[in-house]
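Could you put together the complete structure from these sequences and hints?
Residue strings, one per chain:
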Amino acid sequence: MDKIVNFLDQHFSGPVARLAEQRHLRAIRDGVISALPFIIIGSFFLIIAFPPVPQDSAIALWAKAHVADILIPYRLTMFIMSLYIAFGIGHNLAKSYNLDTLAGAQIAICAYLLTIMPKVMDGVGFVLPMSNLGGHGLFVAMLSSIFAVEVLRICKQNKFTIKMPDQVPPSLIRSFEALIPIGIVIIIMSLLTVVLGLDLHALVDKAVGPLVSAGDSLPGILIPIFLITFFWSFGIHGVSIVGTIARPLWEVYLAKNAEAVAAGQPIPHVAPETFFQWFVWIGGSGATLGLVLCMLFFAKTQYTKTLGRTVLAPGIFNINEPVIFGMPIVLNPTLIIPFVIVPLVNATIAYFATVLGLVNPTYIMPPWTLPAPIGAYLATGGDWRAIVLVLINITISFVIYLPFFKMYEKKLMEQEKEAAGEGVTA
Amino acid sequence: MKVLFVCSAGMSSAIVVNALKKEAEKQGLQVEVKAVSTQEFGEEVKQGWDVAMVAPQVRHRFDQLKQEADAAQVPCELIPPQAYTPLGGPLLYKKVIELAKKS
Numbered sequence: 067m068d069k070i071v072n073f074l075d076q077h078f079s080g081p082v083a084r085l086a087e088q089r090h091l092r093a094i095r096d097g098v099i100s101a102l103p104f105i106i107i108g109s110f111f112l113i114i115a116f117p118p119v120p121q122d123s124a125i126a127l128w129a130k131a132h133v134a135d136i137l138i139p140y141r142l143t144m145f146i147m148s149l150y151i152a153f154g155i156g157h158n159l160a161k162s163y164n165l166d167t168l169a170g171a172q173i174a175i176c177a178y179l180l181t182i183m184p185k186v187m188d189g190v191g192f193v194l195p196m197s198n199l200g201g202h203g204l205f206v207a208m209l210s211s212i213f214a215v216e217v218l219r220i221c222k223q224n225k226f227t228i229k230m231p232d233q234v235p236p237s238l239i240r241s242f243e244a245l246i247p248i249g250i251v252i253i254i255m256s257l258l259t260v261v262l263g264l265d266l267h268a269l270v271d272k273a274v275g276p277l278v279s280a281g282d283s284l285p286g287i288l289i290p291i292f293l294i295t296f297f298w299s300f301g302i303h304g305v306s307i308v309g310t311i312a313r314p315l316w317e318v319y320l321a322k323n324a325e326a327v328a329a330g331q332p333i334p335h336v337a338p339e340t341f342f343q344w345f346v347w348i349g350g351s352g353a354t355l356g357l358v359l360c361m362l363f364f365a366k367t368q369y370t371k372t373l374g375r376t377v378l379a380p381g382i383f384n385i386n387e388p389v390i391f392g393m394p395i396v397l398n399p400t401l402i403i404p405f406v407i408v409p410l411v412n413a414t415i416a417y418f419a420t421v422l423g424l425v426n427p428t429y430i431m432p433p434w435t436l437p438a439p440i441g442a443y444l445a446t447g448g449d450w451r452a453i454v455l456v457l458i459n460i461t462i463s464f465v466i467y468l469p470f471f472k473m474y475e476k477k478l479m480e481q482e483k484e485a486a487g488e489g490v491t492a
Numbered sequence: 453m454k455v456l457f458v459c460s461a462g463m464s465s466a467i468v469v470n471a472l473k474k475e476a477e478k479q480g481l482q483v484e485v486k487a488v489s490t491q492e493f494g495e496e497v498k499q500g501w502d503v504a505m506v507a508p509q510v511r512h513r514f515d516q517l518k519q520e521a522d523a524a525q526v527p528c529e530l531i532p533p534q535a536y537t538p539l540g541g542p543l544l545y546k547k548v549i550e551l552a553k554k555s
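These protein sequence lines map, in sequence, to chains C and L.
Using the working numbering, read the first sequence as starting at 67 and increasing by one per residue.
Using the working numbering, read the second sequence as starting at 453 and increasing by one per residue.
A hint or two may mislead.
Here are the computed lysine to any residue pairs in the SDA-like style, where the Cα-Cα straight-line distance is at most 25 Å [as the list claims (entries may be wrong)]:
id, chain 1, residue 1, chain 2, residue 2
1, C, Lys161, L, Asp522
2, C, Lys161, L, Glu496
3, L, Lys518, C, Arg89
4, C, Lys161, L, Lys518
5, L, Lys478, C, Lys161
6, C, Lys225, C, Asp166
7, L, Lys518, C, Cys221
8, L, Lys474, C, His267
9, L, Lys546, C, Thr376
10, L, Lys518, C, His90
11, L, Lys478, L, Gln525
12, L, Lys486, C, Leu102
13, L, Lys498, C, Thr372
14, C, Lys161, L, Lys474
15, C, Lys371, L, Lys518
16, L, Lys474, C, Leu362
Simulated from the structure, these hints should not be mistaken for lab results.
Now the structure itself:
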């Protein structure tokens, strides 16, 4: 067993984990994460606009009458999230190259905006169609931001910048330094969008279309879940690796679901990040709340009794490193089995519950540290059935973990006995 | 002594931080401890910390974090998995003291 584990760690999880630390992937990951607060707060205005109360109540009637106004904060945050993300990617990529981060963020925004053709509207003047700044435009934002910062880097590295005498103040030098790369970015992007009339958004949409539908299918949901628990089994933060690749896709689903709700249309996607967070990772990666309950009710050794009490509170708020390293689950064959199985079962149930219309798909992003029933209720826009689903999944997690927990406890009890025996003889 | 912890979001290490504080109290040592996310680490480590401890689950980012710590001349090490639990206070305390002595 140890051999297999070592082999996998050295030849698979280790290298993949390092791959996820690749500069551009890291910049995308940190860029997306930097926009999450805007998405979290922005998405909450959807609940206010469509409150989970009876249709004829005063609150519902008030919301209905003011829906467009209520949604303005959402429209200028989550609805155009790719603009925030482009800024974040530019900033983080520039930072990793030790370039001026503000210049990096700005040049990324510039390249991204130049993928969108402004329109003229009677009586308003020039307008920028907002939909391409949203979830729709995320992949374009990723590509254009990286392109722009790379131009900045190449110019700087090859000293292809306008030099200023030393007496000139540094801030002025910086703005002159950026002139040539900004010029190049503007010319190339305008060439694509304006002269050649390319709609990069339509193009990229087509290219990632298969990926977008694959990630929303049952295998597309189960594969990342398996990989996440697989990495955690070696003690590596699974979401931080798998999420590097998958999170952009998950955020696109979330954005599109929110857009559909705001437009009064049926919700298209099952698998935004919120699906995993609230229906699968209950108590943290590996859905370990069930294991914590096993400890609370059935612990026989001193160690698991103490551990169970200390990990309950963090577990309710979906923090489970204390369980993963404390039990431990890491490199522990007995507990790795349920740790991998439970989330797959939870996800399958939640997938069918969502597809069959038994619960609303998620479209709001509550902070991930809320207790799961509350988070699931909010994420589905106030669907009480989501709470039931969460409770069912907790029960299933408990039932699957229990036999493995008991097996592991037997081992622990023997160890405790041995230790106690040694204590007497010594 | 000032100890900086870093984990994925700065949440889980907050729990381990408490374990360390308790143990340090027992040993009669004044410690100031803070937990940050990997994104915040680069900036925070410059703020005059004595040692920096990296959570085991972000060990794939250790090289980069170590670089950032080196730049700030703060000794930096991985926390062994057995020490990264609410009950791992004593072992963690030992590791922190060792690291601080090394520098």
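Hint check:
Proposed proximity of Lys161 (chain C) and Asp522 (chain L) is supported: the alpha carbons are some 17 Å apart, at most 25 Å. Taken as a hint, the Lys161 (chain C) and Glu496 (chain L) pair is honoured in the structure, with Cα atoms around 15 Å apart against an allowance of 25 Å. A C-alpha spacing of about 16 Å is found between Lys518 (chain L) and Arg89 (chain C), which places the hinted pair at or below 25 Å, so the restraint holds. Proposed proximity of Lys161 (chain C) and Lys518 (chain L) is supported: the alpha carbons are some 16 Å apart, at most 25 Å.
At most 25 Å may separate the alpha-carbon atoms for a hinted pair to count; Lys478 (chain L) and Lys161 (chain C) exceed this at roughly 42 Å. A threshold of 25 Å between alpha carbons decides the hint, and for Lys225 (chain C) with Asp166 (chain C) the separation of about 15 Å falls inside it, so the pair holds. Proposed proximity of Lys518 (chain L) and Cys221 (chain C) is contradicted: the alpha carbons are some 29 Å apart, above 25 Å. For a cut-off of 25 Å, the pair hint linking Lys474 (chain L) to His267 (chain C) is broken: about 55 Å separates their Cα positions.
Restraint check for Lys546 (chain L) and Thr376 (chain C): the C-alpha separation of about 21 Å stays at or below 25 Å, so the hint holds. Proximity of Lys518 (chain L) to His90 (chain C) is assessed by CA-CA distance (about 20 Å); at most 25 Å being required, the pair is judged to hold. A distance of roughly 29 Å separates the Cα atoms of Lys478 (chain L) and Gln525 (chain L); the hinted pair therefore is violated under the 25 Å criterion. Annotation: proposed proximity of Lys486 (chain L) to Leu102 (chain C) holds, straight-line Cα distance about 23 Å (limit 25 Å).
Among the hinted pairs, Lys498 (chain L) with Thr372 (chain C) is inconsistent with the structure: their alpha-carbon atoms are about 37 Å apart, more than 25 Å. In summary, the hint linking Lys161 (chain C) to Lys474 (chain L) is not supported, as the alpha carbons are separated by about 37 Å, beyond the 25 Å threshold. Restraint check: the Cα-Cα separation between Lys371 (chain C) and Lys518 (chain L) comes to about 36 Å, which exceeds 25 Å; the hinted pair is violated. A threshold of 25 Å between alpha carbons decides the hint, and for Lys474 (chain L) with Leu362 (chain C) the separation of about 23 Å falls inside it, so the pair holds.
Of the numbered hints stated above, those contradicted by the structure are hints 5, 7, 8, 11, 13, 14, 15, listed in ascending order.
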